[in-house]
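Asker: Now for the letters of each chain:
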Amino acid sequence: MSDDVLPRLQVRVRGATPARQTPARRFWRVFTRNRGAVVSLYALMATSVVGPLTVGLLAINPEAMSSDVLDPPSLRHPMGSDYLGRDVLGRVVHGINTSLLVGAAVALTATAIGLALGTMAGYRGGWLEHAIMRLADALLIIPTFFLVLSIAFVFGGSLVSVVVLLGVTMWPPVARIVRAEVLSLREEAFVLSARALGSSDTKIMFREILPSTLPPGIAMIALLGSAGILTEASLSFLGVGDPNVVSLGQMLTNGLEYTTTAWWVPSFPGAAIFALVLLMNVLGDGLNAALSPRMWGR
Amino acid sequence: MYRYIATRVGQSALLLLLVVSLSFFFIRLAPGDSVTYLYGSQQLTAEVLRNIRHEWGLDRPLWQQYWVYVQNVGRGNLGYSQINQQSVTALLRAIVPNTLLLMAPSILIAAGAGVLFGIAASQRVSRWSDYTIGGLSLVGYSTPPFWLGIIFIVIFASHLRWLPTQGMTTLGGDQQGLTFAIDVARHMALPTGVLAWWYLAAFARLTRASMLEESGKPYLMTARMKGLPERHVVYRHALRNAAKPILTILGLQLGTMLAGAVMTEVVFAWPGMGRLLFTAIIQHDYPVVLGIFILVGTVVVLTNLAVDLLYLVVDPRIRYV
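Those protein sequences? They're chains G and L, same order as listed. Quick note: to get my numbering, add 5 to the position in the first sequence (first position is 1). Quick note: to get my numbering, add 5 to the position in the second sequence (first position is 1).
Since the hints were made in silico from the structure, they are not lab data. As the structure is a prediction and not an experimental result, all values here were calculated from the model. Incorrect hints may have been included.
Estimated spans, in silico, between C-beta atoms of each pair [to be verified]:
1) S79(G) x I57(L): 34 to 40 Å
2) P276(L) x S163(G): 45 to 51 Å
3) G130(G) x T308(L): 29 to 35 Å
4) F30(L) x V54(G): 53 to 59 Å
5) N249(G) x A18(L): 40 to 46 Å
6) Q181(L) x E68(G): 50 to 56 Å
7) S189(G) x R191(L): 53 to 59 Å
8) S163(L) x L89(G): 21 to 27 Å
Covered stretches of chain G (in silico footprint by chain L; criterion: 3 or more residues with CB under 8 Å from a CB of chain L, positions within the stretch not fixed) [what the hints assert, rightly or not]:
9) 65-75
10) 158-169
11) 184-191
12) 233-246
13) 265-279
14) 286-294
Beyond 12 Å from chain L on every Cβ pair, some chain G residues (computed) [claimed, not checked]:
15) R30
16) R34
17) S204
18) G254
19) L261
We put the beta carbon where it would ideally sit given N, CA and C, even for glycine.
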């Protein structure tokens with residue numbers, strides 16, 4: 006025991022992290038160094054508040070038709086109107102709300118599954134670990150986009166089922182990181198003492214170990230969100246999305262034939278997808294840097 | 006080493022079986038069976054339908070049907086598309102070369118330029134050129150290929166009128182030889198540009214990260230101490246070691262790259278796999294959609310196997326016991 010106290014102390018000293026700095030502060034210090042990530046965080050937060058508020062307060066009906074068919078952008082229709090005289094801006098706002106909802110739901114589902122399975126695999130070991138990790142390998146290699154596309158095509162893709170499918174197929178990277186973390190954590194003294202106090206395995210896994218794996222476990226959450234948004238948009242674009250929900254991918258595919266005659270119909274929904282994915286990716290890079298263990302103390 | 010090869014080959018075989026099994030169950034669980042799919046529109050009596058089902062073996066136990074299906078796929082028979090009046094394999098055989106024609110040059114351009122940019126960025130960490138390359142590749146990586154395609158069409162075709170935007174050849178054109186080749190190349194320019202842009206960003210990001218991973222390693226210091234020119238150290242020593250993780254991740258990303266190609270084809274009406282998939286989804290052509298799933302799955306699984314086995318040859322340090 007006395008052997009490994011010393012090196013651990015050294016690590017603390019070398020890390021030059023003041024003792025009073027909590028992990029949350031340390032995270033914020035590293036995270037705020039990346040200006041782009043901070044801006045993206047605020048922009049995304051603002052969008053997810055303003056979007057639903059606008060739709061709610063102004064009672065925007067995305068299906069409302071008018072006689073202004075294929076009008077170019079003007080003060081009346083800042084993003085023009087489409088082939089049924091619907092206001093493109095109103096539909097884009099609706100689509101952004103849908104996309105953000107999809108991104109958040111996919112990211113949370115995948116992260117939660119990854120955390121749970123990664124913790125179980127790392128802590129229990131044995132056949133369970135083997136089974137979970139082989140499943141993760143399989144999902145990493147099998148092209149998930151075409152898998153989800155086939156399932157949504159055959160069984161009909163409602164928005165909920167597309168989100169669930171994406172969440173269920175995108176967890177392997179999280180599980181891998183978490184498992185590696187748990188493998189070293191389970192040898193720590195606090196796990197041993199919990200076991201000495203008679204805690205059950207389940208309690209040790211989810212009360213003691215899981216909280217410590219959270220930082221690396223949620224490091225990928227924004228990147229998963231951006232992948233979720235882009236994949237859902239792509240599925241809708243190819244025609245296997247939910248026809249009852251206003252989605253950016255669907256607006257794009259329906260506007261495709263107007264590309265040369267009325268560029269605003271497909272261009273603005275696409276620009277919205279691009280902006281969301283870019284913000285999510287910039288935020289994701291920042292989160293990844295601030296939450297990965299090897300970046301700490303820098 | 007032989008044990009490692011055997012394990013990897015075995016794993017890949019299992020994955021292929023998994024892909025085929027999944028598509029079998031998708032077909033079986035889909036609403037209606039093949040008989041309703043083929044003859045549903047005709048007014049046939051239950052008696053006739055039962056006979057057809059018996060003839061096709063649809064009343065046999067599920068595991069027998071499964072075994073027949075696996076054997077068929079193994080022989081390269083992916084089913085029959087009633088809508089196209091053609092076997093799925095023949096359809097794909099006619100159309101997959103067009104997709105490759107689009108993907109190959111894009112990957113070549115992207116790999117060459119992306120690796121150069123990635124190296125340049127990794128050599129100047131935290132300087133303005135690194136930030137510029139990093140920022141641009143983040144933008145490129147976040148651009149949905151279908152949207153970039155639309156932007157290209159609006160700029161280069163609607164406004165500048167430089168290039169054609171739809172299809173692979175000029176309609177009604179009856180060119181031969183060189184004029185034909187030039188015509189196809191002109192049609193290829195925009196979709197290839199979209200794909201290359203997207204792939205390039207991924208290559209640059211990967212290369213930068215992978216080169217940085219290598220940068221602190223002692224063997225590079227040794228090479229520099231020997232007095233080797235920096236260019237030699239970077240391109241011959243560091244890049245060779247950095248190439249391994251790049252290739253691994255690209256192997257895993259192949260499915261995503263194919264998905265990008267599929268969407269680009271739809272925007273430009275390019276007569277490839279993506280266009281086929283898009284129309285098959287609209288027409289509810291189950292055999293075609295699942296055939297494409299099996300084909301893409303097979304290609305991706307085999308590519309990943311090939312990448313892993315290639316390391317054994319390329320990297321003498323790897324001797325997986």
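Asker: Against this structure, judge whether each hint is valid.
Answerer: A quick look at each hint next to the structure:
1. S79(G) x I57(L): 34 to 40 Å: With Cβ atoms ~59 Å apart, the hint is violated.
2. P276(L) x S163(G): 45 to 51 Å: 32 Å, violated
3. G130(G) x T308(L): 29 to 35 Å: 32 Å, holds
4. F30(L) x V54(G): 53 to 59 Å: 43 Å, violated
5. N249(G) x A18(L): 40 to 46 Å: 41 Å, holds
6. Q181(L) x E68(G): 50 to 56 Å: Roughly 51 Å apart at Cβ, these two residues keep to the hinted range, so it holds.
7. S189(G) x R191(L): 53 to 59 Å: 57 Å Cβ-Cβ, so the 53 to 59 Å window holds.
8. S163(L) x L89(G): 21 to 27 Å: Distance hint for S163(L), L89(G) holds at roughly 22 Å.
9. 65-75: violated (count 0)
10. 158-169: Answer holds; 3 residues pass the 8 Å Cβ test.
11. 184-191: The restraint on the segment 184-191 of chain G is violated, since only 0 of its residues have a Cβ under 8 Å from chain L and three are required.
12. 233-246: Coverage by chain L holds for the segment 233-246 of chain G (7 residues, Cβ < 8 Å).
13. 265-279: Holds, because 8 residues of the segment 265-279 of chain G bring their Cβ atoms closer than 8 Å to Cβ atoms of chain L.
14. 286-294: It holds, with 3 qualifying residues against the three required.
15. R30: 24 Å, holds
16. R34: 18 Å, holds
17. S204: 37 Å, holds
18. G254: Per Cβ check, G254(G) is inside 12 Å of chain L; nearest 8 Å; violated.
19. L261: 7 Å, violated
When the structure is compared with the earlier hints, violations turn up for hints 1, 2, 4, 9, 11, 18 and 19 and for no others.
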